[in-house]
Amino acid sequence: MSTRTPIARVRGLGSAKGGTHHWWMQRLTAIALVPLTAWFVTSLICFAGADHAAVSAWLGSPLTAVLMLLLIVATFHHMQLGLQVVVEDYVHQEAVKIGCIIGIKLASYALAVAACFAVLKVAF
Amino acid sequence: MNTGNRPLSPHLQVYRWQWTMLLSIVHRATGIALAAGALLLVCWLLAVANGPDSFAAVHGFLGTWIGRFLLFGWTWSLTYHLFNGMRHLFWDAGIGLELPVAQASGYTVLIASIVVTLAIWVAGYMAAGVLG
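For the record, the sequence lines run as chains U and F.
Using my numbering, read the first sequence as starting at 1 and increasing by one per residue.
Using my numbering, read the second sequence as starting at 1 and increasing by one per residue.
Derived by calculation from the structure, the hints in this document are not laboratory data.
Just so you know, nobody snuck in bad clues.
Only pairs whose alpha carbons sit at most 20 Å apart, straight line, appear in this in silico SDA-like list of lysine to any residue:
no.: 1; chain 1: U; residue 1: Lys105; chain 2: U; residue 2: Ala74
no.: 2; chain 1: U; residue 1: Lys105; chain 2: F; residue 2: Leu41
no.: 3; chain 1: U; residue 1: Lys105; chain 2: F; residue 2: Gly37
no.: 4; chain 1: U; residue 1: Lys121; chain 2: F; residue 2: Pro52
no.: 5; chain 1: U; residue 1: Lys97; chain 2: F; residue 2: Ala29
no.: 6; chain 1: U; residue 1: Lys121; chain 2: F; residue 2: Asn50
no.: 7; chain 1: U; residue 1: Lys105; chain 2: F; residue 2: Ala29
no.: 8; chain 1: U; residue 1: Lys105; chain 2: U; residue 2: Gln93
no.: 9; chain 1: U; residue 1: Lys105; chain 2: U; residue 2: Leu70
no.: 10; chain 1: U; residue 1: Lys105; chain 2: F; residue 2: Ile32
no.: 11; chain 1: U; residue 1: Lys97; chain 2: F; residue 2: Gly31
no.: 12; chain 1: U; residue 1: Lys105; chain 2: F; residue 2: Leu39
no.: 13; chain 1: U; residue 1: Lys105; chain 2: F; residue 2: Ala38
no.: 14; chain 1: U; residue 1: Lys121; chain 2: F; residue 2: Ser54
no.: 15; chain 1: U; residue 1: Lys105; chain 2: U; residue 2: His22
no.: 16; chain 1: U; residue 1: Lys121; chain 2: F; residue 2: Asp53
no.: 17; chain 1: U; residue 1: Lys121; chain 2: U; residue 2: Gly60
no.: 18; chain 1: U; residue 1: Lys121; chain 2: F; residue 2: Ala56
no.: 19; chain 1: U; residue 1: Lys105; chain 2: F; residue 2: Gly31
no.: 20; chain 1: U; residue 1: Lys105; chain 2: F; residue 2: Arg28
no.: 21; chain 1: U; residue 1: Lys121; chain 2: F; residue 2: Leu41
no.: 22; chain 1: U; residue 1: Lys121; chain 2: F; residue 2: Leu40
no.: 23; chain 1: U; residue 1: Lys105; chain 2: F; residue 2: Leu34
no.: 24; chain 1: U; residue 1: Lys105; chain 2: F; residue 2: Ala33
no.: 25; chain 1: U; residue 1: Lys121; chain 2: F; residue 2: Phe55
no.: 26; chain 1: U; residue 1: Lys97; chain 2: F; residue 2: Ile32
no.: 27; chain 1: U; residue 1: Lys121; chain 2: F; residue 2: Leu46
no.: 28; chain 1: U; residue 1: Lys121; chain 2: U; residue 2: Ser61
no.: 29; chain 1: U; residue 1: Lys121; chain 2: F; residue 2: Leu39
no.: 30; chain 1: U; residue 1: Lys121; chain 2: F; residue 2: Val58
no.: 31; chain 1: U; residue 1: Lys105; chain 2: F; residue 2: Leu40
no.: 32; chain 1: U; residue 1: Lys97; chain 2: F; residue 2: Arg28
no.: 33; chain 1: U; residue 1: Lys121; chain 2: F; residue 2: Trp44
Here's a subset of chain F near chain U, in silico, CB distances under 8 Å, partners left out:
no.: 34; residue: Ala38
no.: 35; residue: Leu41
no.: 36; residue: Gly85
no.: 37; residue: Met86
no.: 38; residue: Asp92
no.: 39; residue: Ile120
no.: 40; residue: Ala123
Backbone N, C-alpha and C define an ideal beta-carbon position, used for all residues, glycine too.
So that you can see chain U by itself, here it is in the shape it has in the complex:
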């Protein structure tokens, strides 16, 4: 048993050496996603029923492409942080838990890169 007091153990960055980084990034991406989501949903309403030419002209314009890239980065960062917590709460077998978290993180990065590539391909 450690003779250190509980307060000594949580000072600084704590046992995970991450401090509140996970919590902070979840909030930071959430704040970014409020205006980005409002913009995205409004745009989709405006382009309901639009053909491919109209949608790709919109998606390829500099402002749209930049906002869409920001939306993708914030969404997938927020998503993998959230899914990680769900797994940590409900999956109690260590190997399965770590496996799920690795899968979630790698799949999120792959999906984000694919989405960014699609936007850039339309833009250039």
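We have chain U; now place chain F onto it with these hints.
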């Protein structure tokens, strides 16, 4: 810290059931649903990049009843998760933590998510010229 075998939270069955519990778990459920919805976003963006044929294929799927049903579900998941997420951000700032306020904001979020979801779909159908 040795926690031994004492019961740890969440230990939901000992609590009296309340609406705010449902609102809380729905936030997590809609988050998981939105992760599935994010796959659609990626498919849609890749379809736009791939050309008119792929674009037509994805829109063809979204035009079916199952496609519309999924889109509607994702729209509500998005509005609920967005509004309830804003509720969480206010709590993080120390605002609205009093019990009556937290309950009222919960009902407000639920009703707003339903109203805004319906408004989005009406506006979308109007923009597409379906409702004239």
